[in-house]
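These two chains come separately, so use the hints to put the complex back together.
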Amino acid sequence: MTDHSEPVLSVRDLRVWYGTDRGAVRAVDGVSFDLHKGETLGLVGESGSGKSTLGRGLLRLLPEGAQTDGEILFGGEDLQTKSAKELRTYRGPELGMIFQEPMTRLNPLMRISEHFEEAVKVHAAGVDRQEVKRRALEVLRVMGIPPTRYRSYPHEFSGGMRQRLMIALALVLRPSFVVADEPTTALDVLVEAQIIAILHDLRRDFDTSLLLITHNLGIVAEACDRVAVMYAGRIVEIGSSDEVFRNPKHPYTQALLKSTISLSTTGLHFIPGAPPDLVDPPSACRFHPRCPHAMEICADKFPQPVSVGPGHRVECWLHGPEDQMTEGDTGPLEKKEEIGVADEA
Amino acid sequence: MLPTKPEVQEKRGASDSDIVMSLRDVEVHYQMSGGTLARLFGGETGTVKAVDGVNLDLHKGEVLGLVGESGSGKTTLGRALLGLVGATKGTVKYGDHELGSLSDNKLRGLRKDLQMVFQDPNAALNPSMDIETAVGHPLKIHGLAARDELRQKVSEALERVGLSPAERFLTKYPSDLSGGQKQRAVLARAIILDPVLLVADEPVSALDMSVRAKILQLMLDLKNDMDLTYVYITHDLATAKFFCDRTAIMYLGRIVEIGPTKEIFADPKHPYTKSLLKAIPELNPDKEIPRDLPRGEIPDAASPPLGCSFHPRCPEAVAECGWEARDLKSLLEEHWVRQDSSDYEAERDLVGDLDRLDEPAKRATIGSRADADKLRALLERVRTENREEPLWAGVDQINETKDGLEVVFHKGYDPDLRRSGGVEVACVLHPEPVTAEPARPEDAANKH
Numbered sequence: 001m002t003d004h005s006e007p008v009l010s011v012r013d014l015r016v017w018y019g020t021d022r023g024a025v026r027a028v029d030g031v032s033f034d035l036h037k038g039e040t041l042g043l044v045g046e047s048g049s050g051k052s053t054l055g056r057g058l059l060r061l062l063p064e065g066a067q068t069d070g071e072i073l074f075g076g077e078d079l080q081t082k083s084a085k086e087l088r089t090y091r092g093p094e095l096g097m098i099f100q101e102p103m104t105r106l107n108p109l110m111r112i113s114e115h116f117e118e119a120v121k122v123h124a125a126g127v128d129r130q131e132v133k134r135r136a137l138e139v140l141r142v143m144g145i146p147p148t149r150y151r152s153y154p155h156e157f158s159g160g161m162r163q164r165l166m167i168a169l170a171l172v173l174r175p176s177f178v179v180a181d182e183p184t185t186a187l188d189v190l191v192e193a194q195i196i197a198i199l200h201d202l203r204r205d206f207d208t209s210l211l212l213i214t215h216n217l218g219i220v221a222e223a224c225d226r227v228a229v230m231y232a233g234r235i236v237e238i239g240s241s242d243e244v245f246r247n248p249k250h251p252y253t254q255a256l257l258k259s260t261i262s263l264s265t266t267g268l269h270f271i272p273g274a275p276p277d278l279v280d281p282p283s284a285c286r287f288h289p290r291c292p293h294a295m296e297i298c299a300d301k302f303p304q305p306v307s308v309g310p311g312h313r314v315e316c317w318l319h320g321p322e323d324q325m326t327e328g329d330t331g332p333l334e335k336k337e338e339i340g341v342a343d344e345a
Numbered sequence: 001m002l003p004t005k006p007e008v009q010e011k012r013g014a015s016d017s018d019i020v021m022s023l024r025d026v027e028v029h030y031q032m033s034g035g036t037l038a039r040l041f042g043g044e045t046g047t048v049k050a051v052d053g054v055n056l057d058l059h060k061g062e063v064l065g066l067v068g069e070s071g072s073g074k075t076t077l078g079r080a081l082l083g084l085v086g087a088t089k090g091t092v093k094y095g096d097h098e099l100g101s102l103s104d105n106k107l108r109g110l111r112k113d114l115q116m117v118f119q120d121p122n123a124a125l126n127p128s129m130d131i132e133t134a135v136g137h138p139l140k141i142h143g144l145a146a147r148d149e150l151r152q153k154v155s156e157a158l159e160r161v162g163l164s165p166a167e168r169f170l171t172k173y174p175s176d177l178s179g180g181q182k183q184r185a186v187l188a189r190a191i192i193l194d195p196v197l198l199v200a201d202e203p204v205s206a207l208d209m210s211v212r213a214k215i216l217q218l219m220l221d222l223k224n225d226m227d228l229t230y231v232y233i234t235h236d237l238a239t240a241k242f243f244c245d246r247t248a249i250m251y252l253g254r255i256v257e258i259g260p261t262k263e264i265f266a267d268p269k270h271p272y273t274k275s276l277l278k279a280i281p282e283l284n285p286d287k288e289i290p291r292d293l294p295r296g297e298i299p300d301a302a303s304p305p306l307g308c309s310f311h312p313r314c315p316e317a318v319a320e321c322g323w324e325a326r327d328l329k330s331l332l333e334e335h336w337v338r339q340d341s342s343d344y345e346a347e348r349d350l351v352g353d354l355d356r357l358d359e360p361a362k363r364a365t366i367g368s369r370a371d372a373d374k375l376r377a378l379l380e381r382v383r384t385e386n387r388e389e390p391l392w393a394g395v396d397q398i399n400e401t402k403d404g405l406e407v408v409f410h411k412g413y414d415p416d417l418r419r420s421g422g423v424e425v426a427c428v429l430h431p432e433p434v435t436a437e438p439a440r441p442e443d444a445a446n447k448h
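Protein sequences appear in the order of chains A and B. 1 is the number of the first residue of the first sequence in our numbering; add one for each residue after it. 1 is the number of the first residue of the second sequence in our numbering; add one for each residue after it.
If we strip away everything but chain B, and leave its shape as in the complex, we get (with noise of 0.2 Å):
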């Protein structure tokens, strides 16, 4: 791990006074153990790396969006923030506070200034309890009003979040709340209390479209009177756009761009960001849909690809970028995607065990020696089927070995976040190109 670098400084001259909760190499690791038996014979177990390294300061009165698809850990990022789970390495700092050396009594106490927003307004209320109890739990919970003074502040913070006359809301049950009024509700049980900070996990993601905008409204209402921080999460960069100072790409546990807003959307800088603000179908007949966008899914937490996590997808990968066997089998079964099935079953053959190009490794064998001239002209057929592929950037050499033709491939690297005009971003291709020693050479033993 690096020593911790100095964030991005604010336009607006944020200091270090102003600093909320600050977070230093934060990682959230969950140990994968398959059953008894498993452990006991060797079998299976891992590390799913669902927050990876993450350095981040918020600024008071701040809005700090969290973008990412599912799997990018920015809930469990967002859940760290607020101590609801232990980082298993680094610091989560609120004041002089740091949460992981707390007593789980002392952290009861800070939820008073730490309160989140959950994404189903359904699942956040008790389908039991009526909406006088459910907005007052919190006060009851740490002793800070009964009776008439408890119905008195479930009433006004009713009020607040547009419940009004309160009298009508109190006596009601989730079940006859629409679905924007139970997120109203669910916003005042987390105001109630007068926090500081608010984690808002996907606050308007389950409402329908006439009725997100009222809700963030609210919230920038909110804000405004409450003198509130918010941590924004969202796999929506719509929303993210208009209601972010700043946002922070996350992608398989790691932040890869970070900046104000603004210029994160004028000028995105990392392929990944890059992708998402195409892929984001607008309101005009006239767009076509994206073709180039990136290929596959988000991969696998518990066995990231080697460098930089984006590189199979990614349309502007190089060299550098870390490819592997791994990425060589999603090749091949694309190239057979477009094959007739007699071709498809005869190149299936030559090529053999698959499972050999399962596991993170800079050499990948295929088929057997004795084919390895007809593998090369598989390769070679599949190469000029496109050109473009940037994987090929990445193959030093081809070789015949005992076991088969073997493919070896360029040493990559691990980008960290690095300045570049003004947001920070995890790419080797900024702020310049690099081809020689950056911050994190790839280590196949480390990233397992």
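In isolation and in its complexed conformation, chain A is listed as follows (with noise of 0.2 Å):
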């Protein structure tokens, strides 16, 4: 582990809003974490719960209409404050960012080595043509596609091809950042599993930090050093993939995890109820009202972030701290609203 040095990326308290005729969508609700070099965090959690919301918000790639506070420091500057010119510097050579939806961010009418020439050319001005060739054949090389390609155009590529294509893209002028938000979801599982091996691969061959957002456990198990769920807008549970997966602590991420069909599965588990309205989310704990322990405080009260272990954190009064809950407090939830059927997912 890499604890001790600077972080790469440090965020706190990370807010991103929408408004809507209804009122503002909380996305991202008081986020902080940090990211060290050559660390992969792995991001979990549902659909809208606010986990591609982040990961756009870090790279400040948000749609107009977004509000954002909080900080996100990068190397030690708050990129909030960058203005789009100076945003640009950074993208490319210092934070890259790879989508879900391959075929969709590559221009049809372009060869691939034209994509690298553009890429080069915008983030790194100066750099002649084959120069460009042997940094876009390195790294391609490193994806696993042959040299003989290099003048390809996108479509002659298969799926898993052009996720590597992708890859390739972002990394070529080795920014210290990437976020990849779902990679590997449009694809099938055995070229999933080669995107996988090649994204943890990434802080050998080139330093990367990376967050990894998905909805898929087995892939963060796997493959990332650190994970973080998210629920409702909030990390409600962030540690060592190790800790997590054996030794969770918030009640969302036991759900999460016994919810989920593994080959192991003998029998279903769920959880009740559906996510929160994010423009009227519940009272206090965001979880409380399909949560299996919920107490009286739960739903009074913000839990607060608790540490559980070495790197281990925890927003649930479950794990305290005790000395701001009364006797009262930890009593079963009387007045909890009753899930309808109707409200099942």
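Bear in mind the hints are in silico, worked out from the structure with no lab data behind them. Check before you lean on any hint, since a few could be wrong.
As the list claims (entries may be wrong) - Derived PhoX-like pairs (lysine-lysine); straight-line CA-CA distance at most 25 Å:
# : chain 1 : residue 1 : chain 2 : residue 2
1 : B       : K278      : A       : K258
2 : B       : K329      : A       : K133
3 : B       : K287      : A       : K37
4 : B       : K262      : A       : K258
5 : B       : K287      : B       : K274
Claimed, not checked - Derived, one-sided and incomplete: chain A residues facing chain B with beta-carbon distance under 7 Å:
#  : residue
6  : R141
7  : D188
8  : V191
9  : E222
10 : T260
11 : T265
12 : A274
Said to hold, decoys possible - To list a few chain B residues with every Cβ distance to chain A over 12 Å, as calculated:
#  : residue
13 : V20
14 : N126
15 : Q152
16 : A372
C-beta: ideal position from N, C-alpha, C; glycine also.
Here you go:
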């Protein structure tokens, strides 16, 4: 672990919200974490948990209309305060993004070579064509794309190859921080495994810190050093993959792991109810209406981040802090709203 | 084509009388024709063999899984089961009816019994139709209920799929519902005619993990309550393992392994099945990322590999699997991924026109005669780089010809499904390695 070094990325109380007719949608609602050099952090959560918004927010790639607050410290500088022009100098050499649908991100009329020439020209002016080719072929090799294909068009590649191309394009300028948003969701299981292996090797090959956004907990268990679990815009648990998978502390993490169908599944488990409406989320702990262990305090006071082990942090009153709770707080929640069958997802 | 063969007998003693549906040598081939000009001047035309010779019996009350990657033909096969696409060859029989010979009108009558659930509930529901109209639509089309009775039946169906109280949902539109609720509405529509067979194409793949289990549980409940038979189409082996009684693994239009789910998962025989199982990410932080997985991707169904379609990716391939020119091209490209730029440029010049390796041919020629020695040396370098590479077992001779250096490949076979233990497998290695004359000798002309 590289915990003692200065983090590459340091996020403090990041908030992202969108205005709608019904009110503000609080997609990211106070998120803080650090990412170290060469580290892979898995970000898991269900649709609507805010994980994609967080990923894009970190790179300042949010659509117009999104409001943000908080700090994104990258190499000591707060990206939140940067102008659009300043941000452009970061993208490519410092920040990269890998998307889910590779075909929609490649220009069908441009050869692969031209994609690389453009990417390098925009973000690192003054590099000549031969140098672009040398750099491109080097990164393509690491991705397992033969040099014979350098002059091909995107349609001449298979789905998995296109995703390798996207990763190569994101990495050609060797950014130190990359966000990959569901990079394998559109791929078949065998190709997915190939891509996961490539992402896992990024730290070795490029020294890149990676935020891997996925709904697939298995991928996180196998490929990530640490994992952050998101629920209703907040990171409710974060820790090393080993710890979180072996010893999940938040009731939501526990339920999510239990409901995941894997090869060892012998019975079905589910989480009652549905994820909350982010315009009008439940009071205090967002998970309390669905939580099997909900206590009086959970509907009343926001849970505090509590350390439950080295680098393992959880936001849940079950784990304290006890000095902030009174005796009445820990009784089972009485007036828990009934979850009707109709509210089931 | 071989004569039809008996299905694997189920342990629970399935007999002919409980067969709901029966497929014999079913093929769904699509003609690809370029434009008019291409046809006039003999441009590129060809056939995509989406489903290529499938035999299958569906037993009453079972859940059969059709598992495979995109392009395996599982969805096309599922549609052929319902007569939604016509089989270009072979028969699909439901009871005494052969779907291919029925008029559209008669087929529509049968649709009461044969229903489908699609992957994406957003696309399966008309966004401008309220839930009452959408779920009641089948009743209306078949003229089975109207007005109060219609509403009554729709309400019953909604309650049955957990959308209760039904009144709350009747007037809702799809955009008012969550993903899981939409899929429940789709299920309500599928069961409202009290069908016999339900083909569910990736019914939970678009849903969140915590919702998948709920929908699968609902499907199990419906099956038990209504005595349904399911065909469950998926790329997800984990849900198939839990959900299916019998599993068929598909690859490029064929079933490559089929049998009781327990047996397939406990003792997978086809190298493709083994690879799929190894590739599934598990919730176990101790498990390393698998590194010994098949290379490449599912090939183009318009021009499948010779011999066994899986051989170019197969970690267990032997000489008889159907090695050919295109495999040599892939191997050279793989080699060049590992080479320095200057070495690559030199070798690339030596090998010359790579397009010569683009045809499914048992003889491959590279370079020019003058460079024969250098080419031999190159192949030897590639071979020593990875002595495990199965392609070399399939090389019979390397000759100098007037056009360059010719690589001659071993005769291959296109394996049929054969019994091996409690399952059927289409692999030259099962039930025991075949080196003599198995069912279907590879034939380049026939494959095209």
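Hint by hint, here is what the structure shows:
1. Simply put, K278/B and K258/A have alpha-carbon atoms about 21 Å apart, close enough for the 25 Å limit, and the pair holds.
2. Only pairs whose Cα atoms come within 25 Å are accepted, and K329/B paired with K133/A is accepted, the gap being roughly 23 Å.
3. With a CA separation close to 24 Å, the supplied pair K287/B and K37/A stays within the 25 Å bound.
4. With a CA separation close to 22 Å, the supplied pair K262/B and K258/A stays within the 25 Å bound.
5. Restraint check: the Cα-Cα separation between K287/B and K274/B comes to about 16 Å, which is no more than 25 Å; the hinted pair holds.
6. Checking R141/A against chain B by beta carbon gives a least distance of about 5 Å; that is within 7 Å, so the hint holds.
7. At its closest, the beta carbon of D188/A sits 4 Å from a beta carbon of chain B; the interface hint therefore holds under the 7 Å criterion.
8. Because the smallest distance between the Cβ of V191/A and any Cβ of chain B comes to about 6 Å, under 7 Å, the interface hint for this residue holds.
9. This hint holds: E222/A has a C-beta 5 Å from the nearest C-beta of chain B, less than the 7 Å allowed.
10. This hint holds: T260/A has a C-beta 5 Å from the nearest C-beta of chain B, less than the 7 Å allowed.
11. With its C-beta approaching chain B no nearer than about 5 Å, T265/A sits inside the 7 Å limit, and its interface hint holds.
12. For A274/A, the interface hint holds, the least distance from its beta-carbon to any beta-carbon of chain B being 6 Å, beneath 7 Å.
13. The claim that V20/B is not at the interface with chain A holds, since no C-beta of that chain comes within 12 Å of its own (minimum 26 Å).
14. Even its closest Cβ contact with chain A, about 21 Å, leaves N126/B beyond 12 Å, as expected for a residue assigned away from the interface.
15. With a least CB separation of 19 Å from chain A, Q152/B remains clear of the 12 Å interface cut-off, as annotated.
16. No beta-carbon of chain A comes within 12 Å of the beta-carbon of A372/B; the shortest separation is about 22 Å.
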